[in-house]
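> Sequence:
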Amino acid sequence: MRQKLLAAVGSVLLLLLAAVVIVLRRARTEHPPVSQTIPRVDAPSSAADDAGAGSL
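Quick note on our numbering: the sequence shown kicks off at 84 and runs consecutively.
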C-alpha cells in the first residue's frame, strides 16, 4: 500500500512541476533580441541577367 501511495504522490508532484514550468514559460515577457537595422543583401547583377529579365 505504501508503494502505491508514493507512486501517486510522485506522479502528482511531477505533473505539478510540469504545469509550473509551462505557466512560467508562457508568462515570460522577455522578447528575443532584434536587430535595429534590416540586413540588406546586395547581389551583383550581370548584363546577361538584365537582358533576359523581360523575356518569358
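These are computed hints drawn from the structure, not numbers from a lab.
Some clues are possibly wrong.
Here are the simulated distance ranges between beta carbons [what the hints assert, rightly or not]:
1. L96 - R123: 46 to 56 Å
2. G93 - Q119: 45 to 55 Å
3. S94 - H114: 54 to 64 Å
4. A101 - I121: 54 to 64 Å
5. K87 - R111: 31 to 41 Å
6. A110 - R85: 32 to 42 Å
Backbone N, C-alpha and C fix where the C-beta goes; we use that ideal spot for every residue, glycine too.
> Run every hint past the structure and note whether it holds.
Structure-based check of each hint:
1. L96 - R123: 46 to 56 Å: 52 Å, holds
2. G93 - Q119: 45 to 55 Å: Between G93 and Q119, where Cβ atoms are some 49 Å apart, the hint holds.
3. S94 - H114: 54 to 64 Å: Cβ of S94 to Cβ of H114: about 35 Å, so the range 54 to 64 Å is violated.
4. A101 - I121: 54 to 64 Å: Violated: the Cβ-Cβ distance is about 39 Å, outside 54 to 64 Å.
5. K87 - R111: 31 to 41 Å: 37 Å, holds
6. A110 - R85: 32 to 42 Å: Holds, since A110 and R85 (Cβ atoms, about 37 Å apart) stay within the stated range.
In this structure, the hints that do not hold are numbers 3, 4, in rising order.
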